[in-house]
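One line per chain: the protein sequences are D and R, in this order.
All residue numbers for the first sequence refer to the working numbering, where the first residue is 36 and numbers rise by one.
All residue numbers for the second sequence refer to the working numbering, where the first residue is 13 and numbers rise by one.
Don't take each hint at face value.
[Claimed, not checked] So the derived list for chain R, only partly shown, Cβ under 8 Å to chain D, looks like this:
#1 82
#2 84
#3 85
#4 210
[What the hints assert, rightly or not] So the derived label-pair ranges between C-beta atoms look like this:
#5 313(R) - 151(D): 30 to 40 Å
#6 141(D) - 208(R): 41 to 51 Å
#7 41(R) - 138(D): 53 to 63 Å
#8 89(D) - 313(R): 55 to 65 Å
#9 98(D) - 313(R): 39 to 49 Å
#10 136(D) - 177(R): 22 to 32 Å
Note that these hints are calculated values from the structure, not bench results.
Backbone N, C-alpha and C fix where the C-beta goes; we use that ideal spot for every residue, glycine too.
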Amino acid sequence: MSEIVVNAVSKTWGGVGGVNNISFKADAGTLLVLLGPSGCGKSTTLRLIAGLEEVDSGTITIGGREVTHLSPAQRHISMVFQSYALFPHLNVAENIVFGLKVRGVGRAERDERLKKVADIVGLSHLLERKPSQLSGGQRQRVALGRAIIAEAPVCLMDEPLSNLDAKLRHEMRTEIRSLQQRLGMTMVYVTHDQTEAMTMADRVILMRDGHIEQNGAPHELYNEPASDFTARFIGTPPMNIISWQDNAMLGVRPEHVSIVEGNGVPATVKAVEYLGADSIVLCDVKGENVSVRQTGYCSLPTGAQVSLEWQNRHIHLFDRDSGKRRAGTASHA
Amino acid sequence: MVAAVMSAAEPRAAKRRNWMTSINAWLLLLPAIVLLGTFTHYPILSTLYHSFFSLGRGGTSNFVGFENYAYMLDDDVFWQVLRNNIVFALATVPTSIALALLMAVWVDKKIAGRSFLRLAFFTPTVLPMIAVANIWLFFYTPGYGLLDQFLKNFGFASNNWLGDPSTVMTCLAVMVVWKEAGFFMIFYLAALQTIPPELKEAAEVEGASRWYFFRRVTLPLLMPTTLFISINALINSFKLVDQLVIMTKGGPNNASSLLLYYIYEVAFTFQDTTYAATLTVTLIAILAGVALTKFVYLDRRIHYQ
Numbered sequence: 036m037s038e039i040v041v042n043a044v045s046k047t048w049g050g051v052g053g054v055n056n057i058s059f060k061a062d063a064g065t066l067l068v069l070l071g072p073s074g075c076g077k078s079t080t081l082r083l084i085a086g087l088e089e090v091d092s093g094t095i096t097i098g099g100r101e102v103t104h105l106s107p108a109q110r111h112i113s114m115v116f117q118s119y120a121l122f123p124h125l126n127v128a129e130n131i132v133f134g135l136k137v138r139g140v141g142r143a144e145r146d147e148r149l150k151k152v153a154d155i156v157g158l159s160h161l162l163e164r165k166p167s168q169l170s171g172g173q174r175q176r177v178a179l180g181r182a183i184i185a186e187a188p189v190c191l192m193d194e195p196l197s198n199l200d201a202k203l204r205h206e207m208r209t210e211i212r213s214l215q216q217r218l219g220m221t222m223v224y225v226t227h228d229q230t231e232a233m234t235m236a237d238r239v240i241l242m243r244d245g246h247i248e249q250n251g252a253p254h255e256l257y258n259e260p261a262s263d264f265t266a267r268f269i270g271t272p273p274m275n276i277i278s279w280q281d282n283a284m285l286g287v288r289p290e291h292v293s294i295v296e297g298n299g300v301p302a303t304v305k306a307v308e309y310l311g312a313d314s315i316v317l318c319d320v321k322g323e324n325v326s327v328r329q330t331g332y333c334s335l336p337t338g339a340q341v342s343l344e345w346q347n348r349h350i351h352l353f354d355r356d357s358g359k360r361r362a363g364t365a366s367h368a
Numbered sequence: 013m014v015a016a017v018m019s020a021a022e023p024r025a026a027k028r029r030n031w032m033t034s035i036n037a038w039l040l041l042l043p044a045i046v047l048l049g050t051f052t053h054y055p056i057l058s059t060l061y062h063s064f065f066s067l068g069r070g071g072t073s074n075f076v077g078f079e080n081y082a083y084m085l086d087d088d089v090f091w092q093v094l095r096n097n098i099v100f101a102l103a104t105v106p107t108s109i110a111l112a113l114l115m116a117v118w119v120d121k122k123i124a125g126r127s128f129l130r131l132a133f134f135t136p137t138v139l140p141m142i143a144v145a146n147i148w149l150f151f152y153t154p155g156y157g158l159l160d161q162f163l164k165n166f167g168f169a170s171n172n173w174l175g176d177p178s179t180v181m182t183c184l185a186v187m188v189v190w191k192e193a194g195f196f197m198i199f200y201l202a203a204l205q206t207i208p209p210e211l212k213e214a215a216e217v218e219g220a221s222r223w224y225f226f227r228r229v230t231l232p233l234l235m236p237t238t239l240f241i242s243i244n245a246l247i248n249s250f251k252l253v254d255q256l257v258i259m260t261k262g263g264p265n266n267a268s269s270l271l272l273y274y275i276y277e278v279a280f281t282f283q284d285t286t287y288a289a290t291l292t293v294t295l296i297a298i299l300a301g302v303a304l305t306k307f308v309y310l311d312r313r314i315h316y317q
């Protein structure tokens, strides 16, 4: 099987951008998500694995084979680009079998594999169409088809869903994940959307400014954020972070804050967002924002004075200067 | 009462509004109509008209039907300049296109001095044909011209390049290719830059060589540009004759004369305006044929995004 090991890899463009000394491992047959805001180095990392960029230092191995200085083709990978990179003058079938043709696979085998792949991605009825005659979702499927027909053990995806509308994105998310599991591919998936990361990944690597902020399973990033950056990046709405005593910041998830009668942290309601199943109540606590997740509809008017409460087992403490997670708990408010 | 007046006035007001809109539209079109009519449409119709009449020097010109055309088909010089023109087009169009593509691919890469190279390739386009012809006249001068001086080093005798019917067309074609290729390069360069770089990367991941990518992706995506350029080059090869005035005057013995230059000679040297009109109608028919082929046939066969 093909695990990917990235070891102490650096890449900069004249000291600007890129990635700085990152190491991680993607286990064979799993889906690893590289997550982070734009400019954090996640796409660079993917392009380094693909061989579209040359590393400055460090090594990359795929399936136990050192590939650091090999060409993209020699790495036996497939890739899906954000823009899909479909060839506009070729029809769907020709786009999908492009790689097989390059490698000189015979016509009979090509047709057979095309038929199988077209079935998998649901394009059998559109094989004669040009990319310009397809919808965004269909183009996405063509790009997927081109990636899986190679039967490469490793598939790299660079923000493949960012050009789709919300509903389609949700569908394709599930589809890509089940495809990856069915075919047993090792997949590295780049996204800036934490929902995609949380729902699809076996393991998430959150990146920031060219280094790895946290590397863990989705529930680890959610429940034990290693820094206030992770805490603020993961979750919708993200974790509330407010100033606390002892040069610390206190973090608590919106679903762990409740509005109570009587004693608690005094707060003013600024806005209520009704989402259907629950409502997000945005409150002001001494000039800082705290969101509260409440089940069902919330009828609190703007400007209402309320008391907030949370339990000690739900709080996270971060160092104010380094942003790193602190051990221990704070006193109950 | 009021309602009755309103309903009677309404259609009249609407009619007047319509009328004003049309007047407005025609006024906006007027400048273009006047210019096109005076300098394009009227001359074409007038030329066509005159081609059916006798010259009528010092007398009245009579309607002669297709007599001028019959004369043209019997005119050996007409056939020679037409043949020259076709040879000239076949020699310059594919060569300048191939050269333009080569230069565009070269200066599209990230190489040192790229802007300088682009400028150098484009310079011949900026020069007027008259100036270019004068420069090249010195290259081809027998005895002390650049070409002869260069060949003398290898022991070749002096050559009258422009005076020899067997070399004159080649000399002119080389010069025109030199002048035109840089202009066509700009179009290719623009087209190359619209091809997204991810296509190249996607092909690279699939293991396509650079040549394979060029042949299977770049070239097909450049086809609309190639078509546009080839039509332009073809039309240019019929309408660009400035160099003949400077360099050969169509000689020796009409060996380098082209259709348009022959028309000019017939009209202004021989003062045979009706025959010139006949030849002009023929030239317009050829160019219209080329344009129609592009719009009706080729556009449909070539991929447009």
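Cross-check of the supplied hints:
For the restraint placing residue 82(R) at the interface with chain D, the shortest Cβ-Cβ distance is roughly 49 Å, beyond the 8 Å limit, so the hint is violated. For residue 84(R), the interface hint is violated, the least distance from its beta-carbon to any beta-carbon of chain D being 44 Å, above 8 Å. The restraint placing residue 85(R) at the interface with chain D is violated, with a minimum CB-CB distance near 44 Å, outside the 8 Å limit. Because the closest C-beta pair between residue 210(R) and chain D is about 4 Å apart, less than 8 Å, the hint holds.
Against the hinted window of 30 to 40 Å, the Cβ-Cβ separation of residue 313(R) and residue 151(D) comes to about 33 Å, which satisfies the hint. With their beta carbons about 31 Å apart, residue 141(D) and residue 208(R) fall outside the hinted range of 41 to 51 Å. Checked against the given bound of 53 to 63 Å, the beta carbons of residue 41(R) and residue 138(D), roughly 59 Å apart, stay inside it. Between residue 89(D) and residue 313(R) the beta carbons are some 42 Å apart, a value that contradicts the proposed interval 55 to 65 Å.
The given range of 39 to 49 Å is respected by residue 98(D) and residue 313(R), whose C-beta atoms sit roughly 46 Å from each other. Residue 136(D) and residue 177(R) have their C-beta atoms about 51 Å apart, which leaves the hinted 22 to 32 Å range violated.
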